[in-house]
Amino acid sequence: MDDRTDPDDLDTILSEQRRDLMAAKTLDSDLDMAFKLQMQEAMAASLALNPSLASGSSSRNSPPPSPPHDALNDAILDLAAALMLEDVERFAQEWEDHERTVSEMMKMKEDLNRRIHDQKFAADLRDVPEDYWDKHGDYYERPYCADESSSSSSTKAAAVETENLRLYCKGLVSEERVRDMKVVVAGVGIAICDPRDNLIFEARKNLEAVVDGVVLSNEASELEAIIEGLNKALTMDLKSVTFYCDDYMLYQYVTNRVRPGNSKVATLVNQVALLQRKFEYCSPSLVAHTDIKFALKVAREAIVSQITWRADSSNGKSLKETCVICFEETDVAEIFSIDGCLHRYCCSCMKQHVEVKFLNGMGAECPHEGCKNEVNIDSCAEFLAPKLVEAISQRIKEFSIPVTDKVYCPNPRCSALMSKKEVLEYTKTTFVHAEQTGARRCMKCHYYFCINCKVPWHFNMTCYDYKRSHPYPHPEDQLLNSLATKKLWRQCVKCSHMVELAEGCYHITCRCGYEFCYTCGAEWKNKKATCSCRIWDERNIIREQPQQAQPIIREQP
Numbered sequence: 046m047d048d049r050t051d052p053d054d055l056d057t058i059l060s061e062q063r064r065d066l067m068a069a070k071t072l073d074s075d076l077d078m079a080f081k082l083q084m085q086e087a088m089a090a091s092l093a094l095n096p097s098l099a100s101g102s103s104s105r106n107s108p109p110p111s112p113p114h115d116a117l118n119d120a121i122l123d124l125a126a127a128l129m130l131e132d133v134e135r136f137a138q139e140w141e142d143h144e145r146t147v148s149e150m151m152k153m154k155e156d157l158n159r160r161i162h163d164q165k166f167a168a169d170l171r172d173v174p175e176d177y178w179d180k181h182g183d184y185y186e187r188p189y190c191a192d193e194s195s196s197s198s199s200t201k202a203a204a205v206e207t208e209n210l211r212l213y214c215k216g217l218v219s220e221e222r223v224r225d226m227k228v229v230v231a232g233v234g235i236a237i238c239d240p241r242d243n244l245i246f247e248a249r250k251n252l253e254a255v256v257d258g259v260v261l262s263n264e265a266s267e268l269e270a271i272i273e274g275l276n277k278a279l280t281m282d283l284k285s286v287t288f289y290c291d292d293y294m295l296y297q298y299v300t301n302r303v304r305p306g307n308s309k310v311a312t313l314v315n316q317v318a319l320l321q322r323k324f325e326y327c328s329p330s331l332v333a334h335t336d337i338k339f340a341l342k343v344a345r346e347a348i349v350s351q352i353t354w355r356a357d358s359s360n361g362k363s364l365k366e367t368c369v370i371c372f373e374e375t376d377v378a379e380i381f382s383i384d385g386c387l388h389r390y391c392c393s394c395m396k397q398h399v400e401v402k403f404l405n406g407m408g409a410e411c412p413h414e415g416c417k418n419e420v421n422i423d424s425c426a427e428f429l430a431p432k433l434v435e436a437i438s439q440r441i442k443e444f445s446i447p448v449t450d451k452v453y454c455p456n457p458r459c460s461a462l463m464s465k466k467e468v469l470e471y472t473k474t475t476f477v478h479a480e481q482t483g484a485r486r487c488m489k490c491h492y493y494f495c496i497n498c499k500v501p502w503h504f505n506m507t508c509y510d511y512k513r514s515h516p517y518p519h520p521e522d523q524l525l526n527s528l529a530t531k532k533l534w535r536q537c538v539k540c541s542h543m544v545e546l547a548e549g550c551y552h553i554t555c556r557c558g559y560e561f562c563y564t565c566g567a568e569w570k571n572k573k574a575t576c577s578c579r580i581w582d583e584r585n586i587i588r589e590q591p592q593q594a595q596p597i598i599r600e601q602p
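Its first residue numbered 46, the sequence shown is counted upward by one per residue in my numbering.
To be clear, the hints were calculated from the coordinates, so they are not data collected in a lab.
A hint or two may mislead.
Said to hold, decoys possible - Calculated pairs, PhoX-like style, for lysine-lysine (alpha carbon to alpha carbon, straight line, at most 25 Å):
#	residue 1	residue 2
1	K277	K342
2	K250	K309
3	K466	K539
4	K250	K284
5	K489	K465
6	K489	K442
Unchecked claim - Restraint-style ranges between C-beta atoms, simulated for each label pair:
#	residue 1	residue 2	range
7	E568	N526	17 to 23 Å
8	V377	M226	16 to 22 Å
9	C550	Q297	56 to 62 Å
10	A137	N301	44 to 50 Å
This one's a predicted model, so the numbers in the text were calculated from it and none came from an experiment.
Cβ coordinates follow ideal geometry from the N, Cα and C atoms, glycine included.
Using the sequences provided together with the hints, build the complete structure.
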């Protein structure tokens, strides 16, 4: 049937068919009634000619039975009429679904063309000369016209055909928990991007994870994702695409470098090859797992849509999901999704997990077994207190900067942590000869200070002159030095940190990596001392064990 048939004409045709069918059914009923009357008249005439049959018949006070085949005929005719009506209604429903699908595909094509047009227009705006705005003002437009793109076959889907678009595909098979049951679910996600990797279109689809007791393999789900993506691209009249996957063996299959050993996988690979032939250009490409983030996100959404259910709550109907850590039924709004791997846990469990890890000085990873994805602390703001997020961020920054490269702002009201490299690059934008003079500008409070003296910037004065005139720029420095002299502490000459020997030998390794003698401060080289000081003292090596109380033994008299 032609897709261009007018829907009003179709409704008229269907109505006429229903009317004709009902008329035929009524006519059949009338003919059946006439047949029964004729049979009754024939039987009455036969009884009149044969009295013996009439006497036998009079003994029974019941009318002559109808031939048995009449009821069967009625049933057959009723069933045929019902089946015909069902066929007509099913055909009408299929036609409506087809019209709806065609309409959705047309909208998708138009939306795709519009997005590509907008992105090209934005790229052209970046290339407009600056003097254009001075001459013509801020008025610059290129409106999108759908009629022009479909006015002729040469310009149909012009925006789509001019570029090789990127098709990202991802299939997932996951074992999830729904209430008190473990279920296996599968889904695919596809994302279409322009050559600059700007997202244009995305879609997802649920897969049947278990067929005849056999669980869908990861390779099969990945191939199903590619097939779904190529079909979507063909529906949108895309002519040139590059589809991306992050599975190495899958890439070997679709490039015909390795033959799959599984028959189901081999069948899916053949389907991919057949779909590739329908494009003017269609080539596979292998990318890292992190580069397929668009499709992974959509595929994970397909998984989540199968493990949530509606339940009554104080706010009415809400979607529920089971946390695989505490096994509690939790509102979907209270479920936290980890960036990168997209594993999902309730906010309460994630809060405890992140707090324990960071407070013990360790980075928080995804709790999923075998997953090494790091938890982004900025994304944890939805279940952590703002002050705790700030403190953890500061701790992470401290761990990421080497000890010798750390710089703290000397402003008591700031004390921001920075690295020497980043604060130097920041200062160069506002201070000439910053590297030679030692001047630095705080990236947080914009306070100028000396990188060598760790004091406010001393204009028109060298560091040597400043230290002579200000031996103790901060009162607490004098107290620290006097305490260090009294306690025999040693200051690292490389990072200026104070070191106290609690126990052990006199060979000190500072946290900055510098090695020196605790007695005289001389440097150790290649794990050997450069001085003649003693390496250890028995008092710092052997601890005196407290004497245990001896039991008192008394002799019996």
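Query raised in the report: Of the hints stated earlier, which fail here?
Result: Of the numbered hints, all hold.
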